[in-house]
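Asker: Throw the hints in and build the complete structure from the sequences for me.
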Amino acid sequence: MRAVLYLNQFFGQIGAEDKADLEPLVKNGSVGPGNLFRELFGAQVEIAATVICGDNYFAEHIDEATEKVLSMIADYAPDLVLAGPAFNAGRYGMACGAVCEAVAKHQGIPAVTGMFPENPGVESFRKTVYIVKTKATTVGMREAAEKMCRLVLKLARKEPVGLPEEEGYLPRGLRRNYFAAENGASRAITMLLRKMKGETFTTEYPMPVFDRVAPLPPVERMSKATLALVTSGGIVPKGNPDRIESSSATRYGKYDISALQRLSPEFYETAHGGYDPTYANEDPNRVMPLDAARDMEREGKIGRLHPYYYATVGNGTSVARAGQFAGEIAKDLIISDVRAVIITST
Amino acid sequence: MAKEIEKAGIPTVHICTVVPISKTVGANRIVPAIAIPHPLGNPAKSEDEEKQLRRSLLDKALRALETKIEEQTVF
Chain V
1 MRAVLYLNQF FGQIGAEDKA DLEPLVKNGS VGPGNLFREL FGAQVEIAAT
51 VICGDNYFAE HIDEATEKVL SMIADYAPDL VLAGPAFNAG RYGMACGAVC
101 EAVAKHQGIP AVTGMFPENP GVESFRKTVY IVKTKATTVG MREAAEKMCR
151 LVLKLARKEP VGLPEEEGYL PRGLRRNYFA AENGASRAIT MLLRKMKGET
201 FTTEYPMPVF DRVAPLPPVE RMSKATLALV TSGGIVPKGN PDRIESSSAT
251 RYGKYDISAL QRLSPEFYET AHGGYDPTYA NEDPNRVMPL DAARDMEREG
301 KIGRLHPYYY ATVGNGTSVA RAGQFAGEIA KDLIISDVRA VIITST
Chain L
1 MAKEIEKAGI PTVHICTVVP ISKTVGANRI VPAIAIPHPL GNPAKSEDEE
51 KQLRRSLLDK ALRALETKIE EQTVF
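These protein sequence lines are chains V and L, in that order.
Under our numbering, the first sequence has 323 at position 323, and the numbering climbs by one with no breaks.
Under our numbering, the second sequence has 25 at position 25, and the numbering climbs by one with no breaks.
FYI, nobody ran anything at the bench for these hints, they're computed from the structure.
Keep in mind it's a predicted model, so treat the numbers as computed, not measured.
You may find that some hints are simply not true.
Footprint (simulated), chain L over chain V, 3 or more residues, beta carbon under 8 Å [claimed, not checked]:
#	region
1	281-293
2	296-310
3	314-327
Distance condition first, Cα-Cα at most 25 Å in a straight line; then the derived DMTMM-like pairs of lysine to aspartate or glutamate [as the list claims (entries may be wrong)]:
#	chain 1	residue 1	chain 2	residue 2
4	L	Lys51	V	Asp295
5	L	Lys45	V	Glu282
6	L	Lys45	V	Glu60
7	L	Lys23	V	Asp276
8	L	Lys68	V	Glu220
9	V	Lys224	V	Asp332
10	L	Lys23	V	Glu64
11	V	Lys238	V	Glu328
12	L	Lys68	V	Asp211
13	L	Lys51	V	Glu269
14	L	Lys51	V	Asp21
15	L	Lys23	V	Glu60
16	V	Lys27	V	Asp63
17	L	Lys23	V	Glu118
18	V	Lys224	L	Glu4
19	V	Lys19	V	Glu64
20	V	Lys135	V	Glu167
21	L	Lys45	V	Glu23
22	V	Lys158	V	Glu101
23	L	Lys60	V	Glu220
Restraint ranges, calculated between C-beta atoms of paired labels, are given here [stated by the list, open to error]:
#	chain 1	residue 1	chain 2	residue 2	range
24	V	Gly300	L	Asp48	20 to 26 Å
25	L	Lys60	V	Leu40	47 to 53 Å
26	L	Glu49	V	Lys158	55 to 61 Å
The beta carbon of each residue, even a glycine, is placed where N, CA and C say it ideally should be.
Answerer: This is the structure we're talking about:
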């Protein structure tokens with residue numbers, strides 16, 4: 001069997017964030033994690049080629065990039081495709097999900113990727129793509145690669161695929177009929193009795209979690225309202241006084257801008273480790289738009305700009321942690337009678 | 001973060017480059033930005049043009065905040 005692998009510029013050994021704008025390209029044979037896949041597949045599968053694309057290029061041109069990658073993959077007429085694993089890298093996860101979805105849909109061959117459950121690519125693609133559950137970082141590379149190989153081989157050989165927890169992929173929400181030894185009523189009673197005794201039981205129908213917040217009514221008149229700026233782009237006073245981590249942040253900062261008209265590159269910089277910092281360090285207003293917000297305040301488009309901005313680094317930061325930061329920030333904003341918030345993200 | 005601040009009762013708009021991620025995490029008002037390393041700027045433009053570009057994104061964000069929506073909306 002023949003396989004094609006999809007990787008980002010980092011795992012594809014092209015470069016780091018400075019190469020994130022790279023358009024899709026093909027290399028013959030295996031690169032980076034491909035060598036591990038090759039070892040695991042042994043003689044069963046030949047890795048014919050590796051398609052590599054920059055994370056920013058993909059995330060900023062999802063449809064176009066998917067199409068290009070798809071046609072590069074098709075040139076090799078593979079029997080199966082592997083993408084990633086992307087671990088907790090958000091842009092990479094979106095790319096791997098989009099590639100696998102398109103391959104399965106348009107080429108009708110199995111495609112498997114791997115991600116950490118909090119990767120935004122999971123929520124976007126888990127219903128259409130087999131996503132093996134991985135650790136957050138490359139520490140989990142071998143384990144992820146083993147699961148991906150096993151699963152994609154099963155799919156390619158049209159062998160029956162087991163339940164998510166048996167095979168190690170994230171639930172796709174698919175249901176398959178089978179004959180059970182006991183009928184539904186007696187299974188339900190058994191489960192209820194276990195629950196009443198405080199024992200563990202496994203539901204046969206997990207309820208979907210709708211973690212959505214209904215949109216709030218609009219702000220009546222922005223010209224009377226206090227607006228606050230928040231960023232996940234890591235803009236901090238030079239030297240990063242709060243020591244916000246460049247990835248997987250556990251902190252956020254609150255910074256006084258009451259006396260400032262703009263963020264000068266002399267005194268502000270980015271602490272974010274997930275994008276090329278050149279442009280943000282040249283002009284921090286490109287991420288935290290204080291200069292334009294001050295103009296709006298002066299022109300009366302907004303009532304007032306809140307005297308502080310809040311910043312964290314959104315790079316690999318857990319959803320729970322980001323939620324906690326936002327909850328604390330919101331409390332602070334409510335005390336100051338802030339009526340509207342703009343969040344900027346890279 | 002957008003979701004949590006809205007939950008606390010303050011209307012929030014998310015200016016971001018990767019709109020699908022913003023949708024996935026549950027922002028309600030979304031304004032697409034320019035590019036990942038410079039969401040509210042474009043180093044290829046002159047300083048004045050760049051500031052105008054930034055301002056146009058903020059104007060759009062204000063319009064989003066003043067617009068009644070029923071579901072996640074990209075402006």
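Asker: Does each hint hold? Answer for all of them.
Answerer: Status of each hint after checking the structure:
A count of 9 residues in the region 281-293 of chain V with a Cβ less than 8 Å from any Cβ of chain L is obtained; the coverage claim is therefore met, three being the minimum. By the rule of at least three residues with a Cβ nearer than 8 Å to a Cβ of chain L, the coverage given for the region 296-310 of chain V holds, with 3 such residues. For the region 314-327 of chain V, the assignment as covered by chain L holds, since 6 residues bring a beta-carbon within under 8 Å of that chain's beta-carbons and 3 suffice. Annotation: proposed proximity of Lys51 (chain L) to Asp295 (chain V) holds, straight-line Cα distance about 10 Å (limit 25 Å).
Of the pairs offered as hints, the one joining Lys45 (chain L) and Glu282 (chain V) holds, with about 14 Å between alpha carbons and a cut-off of 25 Å not exceeded. Between the alpha carbons of Lys45 (chain L) and Glu60 (chain V) the distance comes to roughly 19 Å, so the proposed pair stays at or under 25 Å and holds. Simply put, Lys23 (chain L) and Asp276 (chain V) have alpha-carbon atoms about 24 Å apart, close enough for the 25 Å limit, and the pair holds. Among the hinted pairs, Lys68 (chain L) with Glu220 (chain V) is consistent with the structure: their alpha-carbon atoms are about 10 Å apart, no more than 25 Å.
Among the hinted pairs, Lys224 (chain V) with Asp332 (chain V) is consistent with the structure: their alpha-carbon atoms are about 19 Å apart, no more than 25 Å. Straight-line distance between C-alpha atoms of Lys23 (chain L) and Glu64 (chain V) comes to about 20 Å, which keeps the hinted pair within the 25 Å bound. Proximity of Lys238 (chain V) to Glu328 (chain V) is assessed by CA-CA distance (about 24 Å); at most 25 Å being required, the pair is judged to hold. For a cut-off of 25 Å, the pair hint linking Lys68 (chain L) to Asp211 (chain V) stands: about 21 Å separates their Cα positions.
Proposed proximity of Lys51 (chain L) and Glu269 (chain V) is supported: the alpha carbons are some 18 Å apart, at most 25 Å. Our distance criterion of 25 Å between C-alpha atoms is met by Lys51 (chain L) and Asp21 (chain V), whose separation comes to about 23 Å. For the given pair, Lys23 (chain L) sits about 15 Å from Glu60 (chain V) by alpha-carbon distance, which is consistent with the 25 Å threshold. Proposed proximity of Lys27 (chain V) and Asp63 (chain V) is supported: the alpha carbons are some 22 Å apart, at most 25 Å.
At roughly 14 Å between alpha-carbon atoms, Lys23 (chain L) and Glu118 (chain V) fall within 25 Å of each other, so this suggested pair holds. With a CA separation close to 24 Å, the supplied pair Lys224 (chain V) and Glu4 (chain L) stays within the 25 Å bound. For the given pair, Lys19 (chain V) sits about 18 Å from Glu64 (chain V) by alpha-carbon distance, which is consistent with the 25 Å threshold. With a C-alpha separation of about 15 Å, the suggested pairing of Lys135 (chain V) with Glu167 (chain V) holds against the 25 Å cut-off.
The hinted pair formed by Lys45 (chain L) and Glu23 (chain V) meets the criterion: a straight-line CA distance of about 22 Å does not exceed 25 Å. Using a Cα cut-off of 25 Å, the hinted pair Lys158 (chain V) and Glu101 (chain V) holds, with the two alpha carbons roughly 18 Å apart. Simply put, Lys60 (chain L) and Glu220 (chain V) have alpha-carbon atoms about 15 Å apart, close enough for the 25 Å limit, and the pair holds. Against the hinted window of 20 to 26 Å, the Cβ-Cβ separation of Gly300 (chain V) and Asp48 (chain L) comes to about 22 Å, which satisfies the hint.
Distance hint for Lys60 (chain L) and Leu40 (chain V): a CB-CB separation of about 49 Å, consistent with the stated range 47 to 53 Å. The beta-carbon spacing between Glu49 (chain L) and Lys158 (chain V), approximately 57 Å, falls within the hinted interval of 55 to 61 Å.
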